[in-house]
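Chemist: Just so you know, the protein sequences line up as chains A and B, in that order. For what it's worth, this note's numbering labels the leading residue of the first sequence as 1, then goes sequentially. For what it's worth, this note's numbering labels the leading residue of the second sequence as 410, then goes sequentially.
These aren't lab readings, by the way, just hints derived from the structure by calculation. We put the CB at the ideal spot given by N, CA and C, even for glycine. There's no promise every hint is true.
Stated by the list, open to error - Some residues of chain A that are not near chain B, with every Cβ distance over 12 Å (derived):
{"hint": "1", "residue": "LYS7"}
{"hint": "2", "residue": "PHE137"}
{"hint": "3", "residue": "CYS237"}
{"hint": "4", "residue": "ILE254"}
{"hint": "5", "residue": "PHE309"}
{"hint": "6", "residue": "GLY315"}
{"hint": "7", "residue": "THR317"}
{"hint": "8", "residue": "GLU337"}
{"hint": "9", "residue": "ILE398"}
{"hint": "10", "residue": "SER399"}
As the list claims (entries may be wrong) - Derived Cβ-Cβ restraints for the label pairs, each shown as a range:
{"hint": "11", "chain 1": "B", "residue 1": "PRO721", "chain 2": "A", "residue 2": "LYS30", "range": "21 to 29 Å"}
{"hint": "12", "chain 1": "B", "residue 1": "ASP770", "chain 2": "A", "residue 2": "GLU223", "range": "53 to 61 Å"}
{"hint": "13", "chain 1": "A", "residue 1": "LEU122", "chain 2": "B", "residue 2": "HIS776", "range": "28 to 36 Å"}
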Amino acid sequence: MTEKEDKLNITVKSNNKDLYSFMKLVPTRKKRIEKASNAPITSDPINQLARKLHPERQHMVISEIRDETKTTKTFKLIPDPDSDTKELAYFRAGQYLSLKVVVDGVLITRPYSISSSPTDALNGFYEITIRKESHGFLTGHVWEHWKVGTKVESSGPEGFFYYEPIRDAGTIVAIGGGSGVTPFRSMAKAIINGTLDAKMVLLYGSSDEHDIIYYNEFKEIEEKYPDKIKVVFVLSCAEVTLKGCEKGLISTDIIKKYAEKDDNSFFICGPQVMYDFIDKELEKLDVPLKRIRKEAYGEIKDILKYPGFPQEVAGKTFKIKVKIGNISKEIPAIATESVLVALERANLAPPSKCRSGECGFCRSLLISGDVYISSKCDGRRAADNKFNFFHPCSSYPISNLEIDIPRDA
Amino acid sequence: MRTITILYLLKIQIMVSSIMGIEESYDVVVIGAGNGGLAATARLVLSGVKVLLIEQHNLPGGFASSFVRGRFEFETSLHELEGYGPANDPGSVRRLFEKRLNIDAEFLEVPEAYRVITKDIDAILPFGREAFINEVEKQVPGSKESVMNFFSLADDINAAFRYIGKSQGRPDQQELLKNHSNFLKTAAYSAQEVENALNIPKKAQDIINAYWCYIGLPMNRMNFTLYAAMASSYIDRGAYIPKLRSTEFTLALDKRIRELGGEILYNTRVEKILVENAKVLGVETSNGDKIKTKQVISNASQTLVYNKLIYPKSEVPEIAYKEVNSRIHGLSAFVVYLGLEKSAEELGINEYSYFIMDEMDTETLYHQWDSLGVPKGQATVCLNVANPSASPPGTSILYITTLFQPGAWKDVKPEDYVKVKNEIAKGLIVDFEKATGISVMDHIEEFEVATPQTFARYSRTYNGIIYGYEPESWDSLVPRLMMMNDHYYIEGLEFAGGFGRRAHGYSSAINDGELAALFVLNKLQVKIGVGVNK
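Kindly produce the complete structure, drawing on both the sequences and the hints.
Modeler: So, in structure tokens, the structure goes:
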């Protein structure tokens, strides 16, 4: 037999039919196109739902302001009737909004946890609770300018600090420090209205009793839902007069005392010093990593204290050559401030949300120069690292830089 | 009020600077930096063409991407790259990436083809034609000859595709009849029809049909030539994955494009393709840029371009709507991403790729995706089996993929969304555990789910579709390629990507992107005399 004869010779139906079917392919396709409807497609329900879940921005107005403590206010936000925001996006208790505010002519963003419940969003409002910081760039502005009727722009709900039933244990051991308690108010509300199926033990650290936010509210919730919510106030001041409080810091002893069973997931939100402290305490308790959830670290304020930061650049100001599209501009940048802050001061900032190196919205290209990035806030992809992309919000200039940043959409 | 005024002024300032930031005129504007858009752009700048690539997201890749949760970095959508191949037998993608573009990306070989688990099959199939055929024979004694014939037919089909590709959609009928008769005689049939004609036993069909979900239409509707070309490419050349997830090769392409003088604009969405008298004039973006060009290559689908982007709408010819409406839009996906607190070895995950289907009745499986429920079919990958450094020591990454008709999700309310997706995710995890005996649920450190809404959120494809138009025989590669010159309704409008001539999948989109670039180069040479060699 020759090779030719040995070769497979396929027949699917019959030789003629098979060839005829082939000849008909193009005419069939032409006919199907000709016979199809000429109506444009106007609906896209999946994109519609995607935009509802994740709006690019939300325009709101302050409808109510409540004093929580001497230094803390809760702002109730409703859709701005003059805008195209007609409803507020649903969210998962623990998520934050990235506020977009102009302060002294500079456009900045700040992430704030939503302190109201997800169900409240369906009823048309969010609440955010803000503590005035002594040198806060935004909070000073808020205290001076935010009144009922002030317009506020934000992102959609963002972040991954939420209870995940498939992953997390039945009890949330919530460790909150100072204004870091705000997401736990949202979670507690979600638990008692039945949208979040878990129990919560809240260990809430404050410096003294006057600094406790939502004291009465938490007390009420605890009384009404003793099977679901337990709140322990932990005060670090020298003398504790408030009844039923723990004294000191949220240490292993306090954790062991209140988080009895093994079925716990630790949720931590507070100032950076608290994360560093709690990390060590949980290590002593041998808590596996899957049982520890931490809210984004936040912009590092005292970068000089972080291991590996070159102390000799402290106090230095570097130059950053910033490219956006084909224009470039040179701006100053202080070594102890993030590259994002330098860009904001120059009104050149790319979009940003988490300000903790996590969300990637400010992702930019480092063309030349060196930046310092703490391992606590390094959310870069491996390939970003390889090709020199970085997150300006969590990177500190330690030499002159040349960078290429994306435009704000 | 002061706030608003300043915001407004800032916006104006930003708008002015952005317009100044971009040159006004380009030889080609590419819309979208997905696989197709990246490949097209890279191929064009290689020939010295002045190109602007515009992408709405802040990084390239489209679905070819990755994301970080905790200490894990997940691959967004890729299971395994077809068409890459070993160094001594490079496939089309490797030839483009290595030889022509020389991009800086490392690829790793996937160790075995797949493990397929159904009610009555549990088999691990190796790569390499002979080993594969022998394993099928071991599972289904007496199947050998018919499966060999499947591959021999696949060879004929691949040879015919190469010929049609070279003929630029104008193959000579006599040449086809003389040298590619097996191709002609199967080109109009479904995979099921031809596999039956080859007398492949049902159980052996079930085993070799496992890749069907990569195209996502049942074997009685999937065109045979497409399936044979894909399956043979995987089995003969093996499969590869990028070491640092897909972001590695998309960023490598980004880098090469810029080195070759191409410009890329991220965070910018093309909102209009400006057309006058059936000719492209330029594009308009979400930032208000108006960019002149006579040539657009759209990585966005025909569905989006004709229904949303062409401006004014009166420039959309009736035939364009008909073309879109005649085609069957493909599926979207549902992916559960798991960062596990134990290594693959500790958990007993030995295979890279698992196809787990209740039974391999592809039509029944396909119709499960019409409604919300836990589909009894999944394709699951453990990255660490092929790439031990994919996650920190002592951990592993497992992701479970199934598909859905996007319409199944259309009535989900935002407040029910998490519950709905978690129920499906849980069911898929349980099904994986049952089929393999591997315990996963108790070891989840990071958990994320992507639904059709998620894919819509980031890509804005129509209805969050991740696949292109369904390649039934009448709309498979053969008629698409033979009719490709019929679809130029608007001068200067070319398409590239997963909705393109070669149907969907990473390598198809990449190849189609390169093809689109070659057509445009051909055109530009005539018109503006651009040199092709560099």
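Chemist: Next, verify each hint and record whether it holds.
Modeler: Here is what the structure says about each hint:
A Cβ of chain B approaches the Cβ of LYS7/A within 12 Å, the least distance being about 8 Å, so the stated non-interface status is violated. With a closest Cβ-Cβ approach of about 15 Å to chain B, PHE137/A is found to remain outside the 12 Å limit, as its non-interface label requires. Interface exclusion of CYS237/A from chain B stands, the closest Cβ pair being 35 Å apart, more than 12 Å. No beta-carbon of chain B is positioned within 12 Å of the beta-carbon of ILE254/A; the least distance is around 25 Å.
Against the 12 Å criterion, PHE309/A stays outside the reach of chain B, whose nearest CB is about 22 Å from its own CB. Every CB of chain B lies more than 12 Å from the CB of GLY315/A, the least distance being 30 Å, so the non-interface label holds. Residue placement check: THR317/A keeps its beta carbon more than 12 Å from all beta carbons of chain B (closest about 24 Å). No beta-carbon of chain B comes within 12 Å of the beta-carbon of GLU337/A; the shortest separation is about 21 Å.
The non-interface label for ILE398/A is consistent with chain B: the shortest C-beta to C-beta separation is roughly 24 Å, beyond 12 Å. Annotated as non-interface, SER399/A keeps its C-beta farther than 12 Å from every C-beta of chain B; the closest such distance is 22 Å. Between PRO721/B and LYS30/A, the C-beta spacing of about 28 Å keeps the proposed range 21 to 29 Å intact. Judged by the Cβ atoms, the range 53 to 61 Å given for ASP770/B and GLU223/A holds: they are separated by roughly 57 Å.
The hinted range of 28 to 36 Å is satisfied by LEU122/A and HIS776/B, whose Cβ atoms lie roughly 34 Å apart.
In summary, the one numbered hint that this structure violates is 1.
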